[in-house]
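Peer 1: Counting in the UniProt record's numbering, the sequence shown tops out at residue 393, every number present.
Where hints are given, some of them may not hold.
List time: in silico DSS-like cross-link candidates among lysine-lysine, alpha-carbon distance up to 25 Å [said to hold, decoys possible]:
{"#": "1", "residue 1": "Lys225", "residue 2": "Lys353"}
{"#": "2", "residue 1": "Lys259", "residue 2": "Lys293"}
{"#": "3", "residue 1": "Lys320", "residue 2": "Lys179"}
{"#": "4", "residue 1": "Lys225", "residue 2": "Lys336"}
{"#": "5", "residue 1": "Lys105", "residue 2": "Lys259"}
{"#": "6", "residue 1": "Lys259", "residue 2": "Lys320"}
{"#": "7", "residue 1": "Lys293", "residue 2": "Lys280"}
{"#": "8", "residue 1": "Lys328", "residue 2": "Lys139"}
{"#": "9", "residue 1": "Lys179", "residue 2": "Lys259"}
{"#": "10", "residue 1": "Lys139", "residue 2": "Lys293"}
{"#": "11", "residue 1": "Lys139", "residue 2": "Lys324"}
{"#": "12", "residue 1": "Lys276", "residue 2": "Lys139"}
{"#": "13", "residue 1": "Lys280", "residue 2": "Lys105"}
{"#": "14", "residue 1": "Lys336", "residue 2": "Lys353"}
{"#": "15", "residue 1": "Lys179", "residue 2": "Lys105"}
{"#": "16", "residue 1": "Lys259", "residue 2": "Lys276"}
Read the hints as simulated data drawn from the structure, not as lab findings.
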Amino acid sequence: QAMRTPSRNEAGLELLLEYYNQLCFLDSRFFPPNRSLGVFFHWYDSLTGVPSHQRALAFEKGSVLFNIGALHTQIGARQDRASLPGLNQAIDAFQKAAGAFNYLKENFSNAPSLDMSAASLNMLVRLMVAQVQECVFEKMTLLRAQHDFLARLQLAQEAARVEDVYSLVHQTMTQAHVKDYVPFSWITMVHVKSEHFKALSHYFAAIALCDCPVASDAELPEQEKAFLQFHITMPEGPSLRVLLQDPEERRKLGKAHLKKAIMKHEEAMRIHGLCKILRKMDILQEVLSFAHKRSLSKYSEIDHEEDFFETGDAPDIHPKTHQKPEIKSPNFSQVKVTDLFHRLGPLSVFSAKNKWYPVRRVHLMRGENGFGFTLRGDSPVLIAGVIPGGCAA
Numbered sequence: 001q002a003m004r005t006p007s008r009n010e011a012g013l014e015l016l017l018e019y020y021n022q023l024c025f026l027d028s029r030f031f032p033p034n035r036s037l038g039v040f041f042h043w044y045d046s047l048t049g050v051p052s053h054q055r056a057l058a059f060e061k062g063s064v065l066f067n068i069g070a071l072h073t074q075i076g077a078r079q080d081r082a083s084l085p086g087l088n089q090a091i092d093a094f095q096k097a098a099g100a101f102n103y104l105k106e107n108f109s110n111a112p113s114l115d116m117s118a119a120s121l122n123m124l125v126r127l128m129v130a131q132v133q134e135c136v137f138e139k140m141t142l143l144r145a146q147h148d149f150l151a152r153l154q155l156a157q158e159a160a161r162v163e164d165v166y167s168l169v170h171q172t173m174t175q176a177h178v179k180d181y182v183p184f185s186w187i188t189m190v191h192v193k194s195e196h197f198k199a200l201s202h203y204f205a206a207i208a209l210c211d212c213p214v215a216s217d218a219e220l221p222e223q224e225k226a227f228l229q230f231h232i233t234m235p236e237g238p239s240l241r242v243l244l245q246d247p248e249e250r251r252k253l254g255k256a257h258l259k260k261a262i263m264k265h266e267e268a269m270r271i272h273g274l275c276k277i278l279r280k281m282d283i284l285q286e287v288l289s290f291a292h293k294r295s296l297s298k299y300s301e302i303d304h305e306e307d308f309f310e311t312g313d314a315p316d317i318h319p320k321t322h323q324k325p326e327i328k329s330p331n332f333s334q335v336k337v338t339d340l341f342h343r344l345g346p347l348s349v350f351s352a353k354n355k356w357y358p359v360r361r362v363h364l365m366r367g368e369n370g371f372g373f374t375l376r377g378d379s380p381v382l383i384a385g386v387i388p389g390g391c392a393a
């Protein structure tokens, strides 16, 4: 009964893991693999509320495992992501959530629930990975020096990586088997984040070019190397050396990146306005509005009245991360449990996998060489072997 309402912390996770481990013991003892028993297990889908039931203990185990993943997401979402410890805890929680959903996808099949369909679980794994990547970006903003050219390039590439993974999640959510299952607010939120982080990648690229000092001769080789891998396609114009050491050329390219950032910010705000639920989230509106105004302000700052050239189209930024998400599978052994039915005897003997026949008595007469068989183990013992020609043969 307690596992139906676990607390949203480590104690709740331990409770679910303990119940899951007990189910594994029950499965081995009482549920033969070749036939089902007359016990129905009843659950409701997490997003649709549609009831599902199945006459299989595997469905109960899978549902508990799904709740373990869901609980990890709630723990991750409640962390203070303005601090480094909070970000690390959020990253760990989302990675464990991805691991739980991935383990479920790879080890359970034929579930009647939409929650546990392969398409839905694949979407959830990708969503968890995207949230890990978002936390990594936020971690980078706390750790990197704000006025360092290379650090700004790294932030831009981290933001591009977040945009990349959220785009993949959005593609997955809009597939035929998933679109009707996932709430419209989820699909919209993921789309908004994809556009928002694309805008941020161009914003940080512009900041690196316009706010950081021009490369010195000593810094030039390292900056050239980083910039060669920065854009998906090299921008048109002067050579890389001239670009990095000419303030005017840097301003022109920075202006192009800001123009693209503003366009993407506006697209994120437009998509946000399409969803009634998201429009009620004031904090999201504030974040999008702040980022948009910041890019507009920087564009006005670097825009000159005598600019008669047409601002070009900035190339997209090559996504790159310095901390790849890790899908952490559940560690079932971290919670030690005692089999509720351990007094029946060793699981290796009293198992549903073994074939049992009605109890009958066998009378053996001890011969010259004993009863003709050998035993091993503690009570209840196992017959290890039968001696040819003996009484038991």
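Peer 1: Hints first: check each against the structure and report whether it holds.
Peer 2: Cross-check of the supplied hints:
1. A threshold of 25 Å between alpha carbons decides the hint, and for lysine 225 with lysine 353 the separation of about 62 Å lies outside it, so the pair is violated.
2. The suggested pairing of lysine 259 with lysine 293 holds, with an alpha-carbon distance near 13 Å, which does not exceed 25 Å.
3. At roughly 29 Å between alpha-carbon atoms, lysine 320 and lysine 179 are farther apart than 25 Å, so this suggested pair is violated.
4. Note on lysine 225 and lysine 336: the hinted pairing is violated, with a Cα-Cα distance of about 52 Å set against a maximum of 25 Å.
5. Between lysine 105 and lysine 259 the alpha-carbon distance is near 42 Å, which puts this suggested pair outside the 25 Å criterion.
6. A C-alpha spacing of about 22 Å is found between lysine 259 and lysine 320, which places the hinted pair at or below 25 Å, so the restraint holds.
7. Of the supplied pair hints, the one linking lysine 293 and lysine 280 holds, its CA atoms being roughly 20 Å apart against a limit of 25 Å.
8. Among the hinted pairs, lysine 328 with lysine 139 is consistent with the structure: their alpha-carbon atoms are about 20 Å apart, no more than 25 Å.
9. The suggested pairing of lysine 179 with lysine 259 is violated, with an alpha-carbon distance near 33 Å, which exceeds 25 Å.
10. Between lysine 139 and lysine 293 the CA atoms are separated by roughly 23 Å; this keeps the pair inside 25 Å, and the hint holds.
11. This hinted pair checks out: lysine 139 and lysine 324 have alpha carbons roughly 13 Å apart, not beyond 25 Å.
12. A C-alpha spacing of about 31 Å is found between lysine 276 and lysine 139, which places the hinted pair above 25 Å, so the restraint is violated.
13. Of the pairs offered as hints, the one joining lysine 280 and lysine 105 is violated, with about 34 Å between alpha carbons and a cut-off of 25 Å exceeded.
14. Taken as a hint, the lysine 336 and lysine 353 pair is honoured in the structure, with Cα atoms around 24 Å apart against an allowance of 25 Å.
15. The hinted pair formed by lysine 179 and lysine 105 meets the criterion: a straight-line CA distance of about 18 Å does not exceed 25 Å.
16. Between lysine 259 and lysine 276 the CA atoms are separated by roughly 28 Å; this puts the pair beyond 25 Å, and the hint is violated.
In this structure, the hints that do not hold are numbers 1, 3, 4, 5, 9, 12, 13 and 16, in rising order.
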